[in-house]
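> Taken in order, these protein sequences are the chains called A and B.
Quick note on this note's numbering: the first sequence kicks off at 34 and runs consecutively.
Quick note on this note's numbering: the second sequence kicks off at 11 and runs consecutively.
One should not assume that every hint holds.
As the list claims (entries may be wrong) - Pairwise CB distance ranges (calculated):
id: 1; chain 1: A; residue 1: E131; chain 2: B; residue 2: T30; range: 23 to 33 angstroms
id: 2; chain 1: B; residue 1: N72; chain 2: A; residue 2: K103; range: 35 to 45 angstroms
id: 3; chain 1: B; residue 1: A81; chain 2: A; residue 2: R140; range: 33 to 43 angstroms
id: 4; chain 1: B; residue 1: R53; chain 2: A; residue 2: T53; range: 32 to 42 angstroms
id: 5; chain 1: B; residue 1: I56; chain 2: A; residue 2: G73; range: 13 to 23 angstroms
id: 6; chain 1: A; residue 1: R55; chain 2: B; residue 2: E25; range: 39 to 49 angstroms
id: 7; chain 1: A; residue 1: S117; chain 2: B; residue 2: P19; range: 17 to 27 angstroms
Claimed, not checked - Here are the simulated BS3-like cross-link-like pairs (lysine-lysine), alpha carbons at most 25 angstroms apart as the crow flies:
id: 8; chain 1: A; residue 1: K90; chain 2: A; residue 2: K103
id: 9; chain 1: A; residue 1: K90; chain 2: B; residue 2: K80
id: 10; chain 1: A; residue 1: K90; chain 2: A; residue 2: K44
id: 11; chain 1: A; residue 1: K103; chain 2: B; residue 2: K112
id: 12; chain 1: B; residue 1: K83; chain 2: B; residue 2: K112
id: 13; chain 1: A; residue 1: K86; chain 2: B; residue 2: K112
id: 14; chain 1: B; residue 1: K112; chain 2: B; residue 2: K80
Said to hold, decoys possible - Away from chain A, derived, C-beta distances all over 12 angstroms, residues of chain B:
id: 15; residue: V23
id: 16; residue: Q24
id: 17; residue: E25
id: 18; residue: E27
id: 19; residue: T30
id: 20; residue: T37
id: 21; residue: S38
id: 22; residue: Q49
id: 23; residue: Q54
id: 24; residue: S84
id: 25; residue: S90
id: 26; residue: Q111
Hints in this document: simulated from the structure, not taken from any laboratory.
Glycine included, each C-beta is placed from N, C-alpha and C at the ideal position.
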Amino acid sequence: DAGITQSPRHKVTETGTPVTLRCHQTENHRYMYWYRQDPGHGLRLIHYSYGVKDTDKGEVSDGYSVSRSKTEDFLLTLESATSSQTSVYFCAISDRGEGYTFGSGTRLTVV
Amino acid sequence: AQTVTQSQPEMSVQEAETVTLSCTYDTSENNYYLFWYKQPPSRQMILVIRQEAYKQQNATENRFSVNFQKAAKSFSLKISDSQLGDTAMYFCAFGGNQGAQKLVFGQGTRLTINP
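Generate the whole structure from the sequences, applying the supplied hints.
See below:
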């Protein structure tokens with residue numbers, strides 16, 4: 034969907050290095066979310082934002098931080114990547130009740 | 011906390027057949043939303059259908075329809091006249107009605123449509 038973009042699409046990084054994933058939206062939606070997708074677990078919420086500089090933790094937030102300095106950008110940072118953080122990461126945006134619009138995902142491999 | 015369960019990890023049907031994917035959920039809320047998302051091999055998450063809990067009428071979108079049983083906390087997806095392009099992972103999701111809509115997803119069902 035052209036209204037939301039994620040970068041990068043793929044990334045391989047080494048254990049212990051910092052990693053930042055970017056989500057950019059052009060829809061002016063208030064809410065933004067980061068999920069990770071793992072086999073057998075579906076999608077699990079990492080962090081979400083309900084406005085500029087307003088963020089909160091999700092179900093699996095340990096080892097992750099986020100920032101939202103502008104309405105359109107939501108960054109996910111792994112301060113020190115571990116192999117357990119190898120996953121596919123999805124950003125999503127929403128207006129209440131309408132469901133999500135998802136980005137195309139980032140496949141992150143930590144070696 | 012809400013939970014969503016999809017009890018069928020994999021399903022396989024022949025093209026043109028009808029298939030039903032199961033989903034159950036647990037919540038103490040009265041007003042909420044339920045969704046089915048499709049994820050083809052491209053990895054893109056695509057909204058298939060949406061149901062508002064206060065609406066008793068089951069949602070339909072072309073070949074896709076749901077059977078929403080609020081008392082039983084069941085939300086199944088029926089795909090009629092299945093097509094090869096329906097091959098995908100399907101996720102059921104629950105969304106609350108307050109503040110940020112933090113969706114809770116089921117584990118997914120991998121559906122294969124055979125020619």
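> Take the hints in turn and mark each one as holding or not.
To see whether the hints hold, each was checked on the structure:
1. At roughly 25 angstroms, the beta carbons of E131 (chain A) and T30 (chain B) sit within the given window of 23 to 33 angstroms.
2. Hint check: N72 (chain B) to K103 (chain A), Cβ distance near 38 angstroms, so the stated range 35 to 45 angstroms holds.
3. Checked against the hint of 33 to 43 angstroms, the pair A81 (chain B) and R140 (chain A) passes, with Cβ atoms roughly 41 angstroms apart.
4. At about 20 angstroms, the beta-carbon gap between R53 (chain B) and T53 (chain A) misses the expected band of 32 to 42 angstroms.
5. Look at I56 (chain B) against G73 (chain A): about 21 angstroms separates their beta carbons, and that is inside 13 to 23 angstroms.
6. Between R55 (chain A) and E25 (chain B) the Cβ separation comes to about 40 angstroms, which falls inside the hinted range of 39 to 49 angstroms.
7. At about 22 angstroms, the CB distance of S117 (chain A) to P19 (chain B) agrees with the hint of 17 to 27 angstroms.
8. About 19 angstroms separates the Cα atoms of K90 (chain A) and K103 (chain A), which keeps this hinted pair within 25 angstroms; it holds.
9. Between K90 (chain A) and K80 (chain B) the CA atoms are separated by roughly 29 angstroms; this puts the pair beyond 25 angstroms, and the hint is violated.
10. The straight-line distance between the Cα atoms of K90 (chain A) and K44 (chain A) is roughly 24 angstroms, inside the 25 angstroms bound, and the hint therefore holds.
11. Between K103 (chain A) and K112 (chain B), the direct Cα distance comes to roughly 20 angstroms. Compliance with the 25 angstroms bound is thereby established for this hinted pair.
12. Note on K83 (chain B) and K112 (chain B): the hinted pairing holds, with a Cα-Cα distance of about 19 angstroms set against a maximum of 25 angstroms.
13. For a cut-off of 25 angstroms, the pair hint linking K86 (chain A) to K112 (chain B) stands: about 18 angstroms separates their Cα positions.
14. Under the criterion of a C-alpha separation no larger than 25 angstroms, the hint pairing K112 (chain B) with K80 (chain B) is consistent with the structure, at around 20 angstroms.
15. Against chain A, the non-interface label of V23 (chain B) holds: every CB pair exceeds 12 angstroms, the least being about 22 angstroms.
16. The non-interface label for Q24 (chain B) is consistent with chain A: the shortest C-beta to C-beta separation is roughly 26 angstroms, beyond 12 angstroms.
17. Consistency note on E25 (chain B): stated as away from chain A, and its beta-carbon is indeed over 12 angstroms from all of that chain's, at 27 angstroms minimum.
18. Chain A leaves E27 (chain B) outside its interface by the beta-carbon criterion, the shortest separation being 25 angstroms against a cut-off of 12 angstroms.
19. Residue-level check passed: T30 (chain B) sits 19 angstroms from the nearest beta carbon of chain A, beyond 12 angstroms.
20. Interface exclusion of T37 (chain B) from chain A stands, the closest Cβ pair being 15 angstroms apart, more than 12 angstroms.
21. Remark: the non-interface label on S38 (chain B) is consistent with the geometry, its nearest Cβ contact in chain A lying 18 angstroms away (cut-off 12 angstroms).
22. At roughly 8 angstroms, the least C-beta separation between Q49 (chain B) and chain A is not larger than 12 angstroms, which violates its mark as non-interface.
23. Listed as outside the interface, Q54 (chain B) is inconsistent with that label: its C-beta sits roughly 6 angstroms from the nearest C-beta of chain A, within the 12 angstroms cut-off.
24. Consistency note on S84 (chain B): stated as away from chain A, and its beta-carbon is indeed over 12 angstroms from all of that chain's, at 18 angstroms minimum.
25. Distance check on S90 (chain B): its Cβ is at least 22 angstroms (rounded) from any Cβ of chain A, clearing the 12 angstroms threshold; non-interface status holds.
26. A Cβ of chain A approaches the Cβ of Q111 (chain B) within 12 angstroms, the least distance being about 5 angstroms, so the stated non-interface status is violated.
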